[in-house]
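Start counting the sequence shown at 1; every next residue gets the next number (our numbering).
Bear in mind the hints are in silico, worked out from the structure with no lab data behind them. Where hints are given, some of them may not hold.
Straight-line Cα separation of at most 27 Å, DSS-like style, residue types lysine-lysine; simulated pairs [stated by the list, open to error]:
id, residue 1, residue 2
1, 287, 6
2, 239, 153
3, 6, 34
4, 153, 127
5, 176, 239
6, 287, 127
7, 184, 153
Label-pair restraints from in silico Cβ distances [said to hold, decoys possible]:
id, residue 1, residue 2, range
8, 209, 89, 44 to 52 Å
9, 255, 233, 17 to 25 Å
10, 22, 238, 40 to 48 Å
11, 243, 27, 20 to 28 Å
12, 72, 157, 34 to 42 Å
Ideal Cβ positions, reconstructed from N, Cα and C, are used throughout, including at glycine.
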Amino acid sequence: MKDNNKQVICIGEILIDFIGLHRSPDIAHTAEFKRFLGGSPANVAMNLTKLGFTATLVATIGDDGLGDFLLQEMQSLGMNQDHVRKVTDVPTSTILVSKTSETPDFIAYREADCEIINSQLPDDVIKSAAVFHTTCFALSRNPARDTILEKVKVAATAGCLISIDLNYSARIWPDKDQAIKTIKEYCSYGAMIKISMDDMQRLYGNAMTSSELFETLHGYGANLICLTRGSDGVIVSRKDHALLEMPAIPITSVEDATGAGDAFWSGFLCAMLENRSLEQCVEFALKVASIKLTTIGGLPANLSLQP
């Protein structure tokens with residue numbers, strides 16, 4: 001394990017990913033599924049743990065068999081469960097996901113994941129962390145949204161790096177005006193942002209260019225933006241710096257694209273916490289993402305990669 005002073009708080013959704021067993025363009029043509037621990041913040045916490053870092057997941061599950069499965073998976077991986085809450089009034093959230101080499105189709109059944117409350121994350125835990133990370137998915141519903149917006153203030157004041165995956169989808173967050181308002185508030189704390197081309201187009205429309213995206217998000221207060229473009233690689237924008245553009249690692253056969261963005265950002269955070277250069281952070285992020293793309297489900301256990 002790394003120094004606890006470099007722990008990462010991941011706050012947001014944990015859920016069951018039911019991923020199709022056979023390649024299909026959509027859920028309608030997917031007949032069989034296999035269950036995996038899922039949810040973007042949970043994936044990042046899981047990946048960081050596998051890479052030898054200390055990650056604290058703040059999330060909520062139902063008091064049911066699927067919730068028990070998630071706790072068992074976390075325990076088997078050595079993940080911290082101290083801030084995962086069980087609730088009895090709603091079940092564990094689930095998502096059906098198609099197996100594809102492209103952006104997968106999905107159907108989300110939102111239940112317990114948004115039931116994150118202030119008492120789950122004491123301020124002293126935040127003050128001992130290096131990074132505070134969340135997602136658009138997590139911010140899309142209350143009480144999780146209000147909790148996260150309250151806790152990010154504490155994190156920023158404590159000197160944490162503020163991180164977010166702008167994994168926006170209108171199917172998850174239909175009120176786009178509310179989404180943009182919330183994103184602006186979160187990014188005002190000097191956020192580091194991971195956003196995909198799909199996310200950008202869903203949030204701002206197909207006409208937006210990468211230059212316009214960077215100008216917009218820096219205008220919100222973001223310090224660093226990673227725009228992931230699939231096989232076209234990554235563009236990184238930092239305030240008052242030249243753009244950094246890097247190609248993707250060629251993949252001969254994509255087994256499962258679900259979670260590739262989470263793998264990328266996990267690798268980026270790992271390298272950043274090791275005080276690597278921006279180029280090295282992106283290189284390592286691309287390496288971790290390439291491993292995920294060739295693996296069904298989560299990253300392999302006991303990864304020996306070093307940033």
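For each hint, the structure was consulted:
1. 287 x 6: Roughly 22 Å separates the two Cα atoms, so the pair holds.
2. 239 x 153: At roughly 21 Å apart (the allowed maximum being 27 Å), residue 153 and residue 239 satisfy the hint.
3. 6 x 34: Violated, at about 34 Å.
4. 153 x 127: holds (11 Å)
5. 176 x 239: The given pair, whose Cα atoms are some 26 Å apart, holds under the 27 Å limit.
6. 287 x 127: violated (31 Å)
7. 184 x 153: It holds: about 13 Å lies between the C-alpha atoms, which stays within 27 Å.
8. 209 x 89: 44 to 52 Å: With a Cβ separation near 45 Å, residue 209 and residue 89 satisfy 44 to 52 Å, so the hint holds.
9. 255 x 233: 17 to 25 Å: holds (20 Å)
10. 22 x 238: 40 to 48 Å: holds (42 Å)
11. 243 x 27: 20 to 28 Å: At roughly 37 Å between Cβ atoms, residue 27 and residue 243 fall outside 20 to 28 Å, so the hint is violated.
12. 72 x 157: 34 to 42 Å: Taking Cβ atoms as reference, residue 72 and residue 157 lie about 36 Å apart, which means the hint holds.
The earlier numbered hints that this structure contradicts are 3, 6 and 11.
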